[in-house]
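Undergrad: On the provided structure of chain A, position chain B as indicated by the hints.
Residue numbers (numbering that gives the first Met the number 0), protein chains in the order written: chain A, 0 to 248; chain B, 0 to 639.
Warning: the hint list may mix true and false statements.
To be verified - In silico EDC-like cross-links for lysine to aspartate or glutamate, where the CA-CA straight-line distance does not exceed 16 Å: (1) A/LYS109 to B/GLU162; (2) A/LYS123 to B/GLU99; (3) A/LYS109 to B/GLU155.
Unchecked claim - Some, not all, of what chain B presents toward chain A, calculated at C-beta under 7 Å: (4) GLU101; (5) GLU199; (6) GLY201; (7) GLU285.
To be clear, the hints were calculated from the coordinates, so they are not data collected in a lab. Glycine residues also receive a C-beta, built at the ideal position from the N, C-alpha and C atoms.
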Amino acid sequence: MSYKANFRVWRGDVDSGELRDYTVEVNEGEVVLDIIHRLQATQAPDLAVRWNCKAGKCGSCSAEINGRPRLLCMTRMSTFSQEETITVTPMRTFPVIRDLVTDVSFNYAKARKVPSFTPPEGLKAGEYRMQQVDVERSQEFRKCIECYLCQNTCHVIRDFEDNKEAFSGPRYLMRIAELDMHPLDVADRQKAAQDEHGLGYCNITKCCTEVCPEHIKITDNALIPMKERVADRKYDPIVWLGDKIRRRK
Amino acid sequence: MSEVERHSYDVVVIGAGGAGLRAAIEARSQGMRTAVVCKSLFGKAHTVMAEGGIAASMGNVNSNDNWQVHFRDTMRGGKFLNYWRMAELHAQEAPDRVWELETWGALFDRTGDGRISQRNFGGHEYPRLAHVGDRTGLELIRTLQQKIVALQQEDEQEFGDPEARLKVFQEATVTRLLTVPDSGSEDGARITGAFGYWRESGRFVVFEAPAVVLATGGIGKSFKVTSNSWEYTGDGQALALLAGASLINMEFVQFHPTGMVWPPSVKGILVTESVRGDGGVLRNSEGKRFMFDYIPDVFKEKYAKSEEEGDRWYTDPDNNRRPPELLPRDEVARAINAEVKEGRGTPHGGVYLDVSSRLPADVIRRKLPSMHHQFKELADVDITAEPMEVGPTCHYVMGGIEVDPDTAATPGVLGLYAAGEVAGGMHGSNRLGGNSLSDLLVFGRRAGLYAAEYVTELGDARRDVDQGQIDEAAAEAVAPFANEGAENPYSVHQELQQTMNDLVGIIRREGEMAEALTRLEELKARAAKAGVEGHRQYNPGWHLALDLRNMLLVSECIAKAALEREESRGGHTREDHPGMSADWRKVVLACALAADDGHIDLVRRSPEPMRADLLALFDRDELKKYLTDAELPAEEEGSD
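The following block holds chain A by itself, in its conformation from the complex:
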């Protein structure tokens, strides 16, 4: 059942790099990460790649396979023909450290800018009561494994480096939506979503949803409802008046 596959893997660092060709054995049932590991063990012991669980649960092994953002551990070799050359490159939106490993610190910096869960004052541990139907919306977003493939594919930052300052990306806009929809969160998050995290930059092309390995409906269930909440508030005359009065103080 095994065969020799043609692989092209990006090798290099922050200064320079190139696609290098490898011919490598593939066995039944293997995924792309298995082949990368075989390259390490047999031909390229210093080939750098991030990975942990190898079961699609930790979100470490993100890369681009034939130009498509994917998890290396969840991409089965049987989805390619045996003749095809498989090209593996690092995520393009983040600076390369070495080979397939990129500097994803952008995401950690953005995570720190989202104010954390804020429960109602005086509610004691053990006294939280929430209905399943009410937690399910946020639970969907908490399935996120932080692979950053959505961040990588979002053209707002993929193609426009300058937007990184003003735009937090789908992952963190979804985090804001998650907290906004948390049944017990009392913080006001809608204004910050627009003003500080760049919700307005998103023009709902759904690229993030398409690449999400957890199949979270990021655009439909998080970003669009969040835009609606922000819009309601913007055009609600009472909210508008309240904002105006408060600003005057």
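TA: Below, chain B alone, put in the same frame as chain A:
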């Protein structure tokens, strides 16, 4: 030696899984400047793999549950070898640790009246596991990660620097603990810090700190078929040994009964016990639910005798006994092993785990979403329509660093603490599912708390790191570059995994373990010659060459202790000594580094006798199955 990057902290936590993050949160909350050092990115630790849930006797689903029942289940699961004081603290404190997570933003599945839902699991008398579908570990990690971010946001407000008091050093590997001799004891040591390297640059880094919490997890990467990730190379166990601490109970390794068996590249990946907790059954190639043939005497009264009774239990647990698919993991793993060995296995050498004929497809997709996803994507199997093929996989080590049950402090090394899988004692000879996540929270918090207390008491009496130790650690770390091409670290690793799998696996025999020890000696010699190519920047071959030392040390501990213990109990099954012995229950095997630094010495210790009020939680008849006559409580007068 060139100048090495240095950082100074009050408490350094090594490992960023559940235990490490909980310890760091506690230490920082006690006012300590705290660092977390981890091999992966922040938020990727192996805890994310935990599926089933967190065991805590909140009594939300069955109000009969309480800490005493949880304690009893834990001791039974561990076959009474557990450090009972740890099992007691764990059962008492687990509910508070779970509720606390909700205040930090965790969203567990709910009961009808809005409380945290709890599910059934092997060995737990009542539905006890707080869960989020089958991705509870991810929820735990994310919640703790977000709590750390919350603390950093507080520091940003107060000091203008989010990392003023709590910083995560990610993708850094610690290779040595730094110590000085402790003047207060004859052969003890005292922590001064830790030495490691940045994975990204390969540059060295020294952390100066009077207290270190080890929370590095397990050892599964010493075995070929394992559910564990690459990080599980026994780092904390080896660091502790090399610093002068002891490991206990290392012979007890849990093989989870249900790992994937096909395709080969995913062999070993976990299939959650929730599949059985929610109704899934095990069948052999003849279609028989074979677990009914494998109920051991100690559990005879507690499990269903017929399929009908077992099936009724899911809806009426008060009047029926649970099905034997929910026996503790060691029993189920051995049963599967026996079925396959006797020729009743599946085409790929496992047994069938079937939920498709037991639950409607939409319920399966809702209750077991990540299992559905995992089998669909990796094996092209739709678990709502066909059975899974499963077999045992190396999952967890019950043994670990010897600690004080209350404080998580390591005897013999002042300032060293350990929590989570890296610590030993809590689970005895076998861990119940769901008791790991609660263990991480209960003892992670305790380790952080008592490390902070120690540092506070120490005041200004901190000791400087020894430059000589730093130079030695640096020389040890670069050694593989001088061995260019001598031995391939990947080959040595593969042979180690094969050796442990074949010779010190689920079923153990004297001759095979002796053979394993011989092979480990040879592998040690080869590992010392392991060479690497390239440079130090993000070089996985080099990282593996350094990890081999740790894997070989813990493998030797496992093999030596397993050879010594001539009985079968929990995660240690001897074909040549099949019975459980009350005399062996009174023996704890402790491993320490021999004076020549190259070998492991084995010492026998006696466990502390269980407190009378805890013994009284069990029937005398049940205690007879585990304890020697001399240990049994006096028979009550007048009782019949």
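Undergrad: With reference to the structure, classify each hint as holding or not holding.
TA: Do the hints match the structure? See the list:
1. A/LYS109 to B/GLU162: The given pair, whose Cα atoms are some 15 Å apart, holds under the 16 Å limit.
2. A/LYS123 to B/GLU99: Distance of about 9 Å is within 16 Å: holds.
3. A/LYS109 to B/GLU155: Cα-Cα ~14 Å, so holds.
4. GLU101: Constraint on B/GLU101 satisfied, holds at 5 Å.
5. GLU199: holds (6 Å)
6. GLY201: B/GLY201 check fails; min Cβ-Cβ to chain A is 10 Å, beyond 7 Å.
7. GLU285: It is violated, given that the least Cβ distance between B/GLU285 and chain A is near 26 Å, above 7 Å.
Consistency note: the structure conflicts with the earlier hints numbered 6 and 7.
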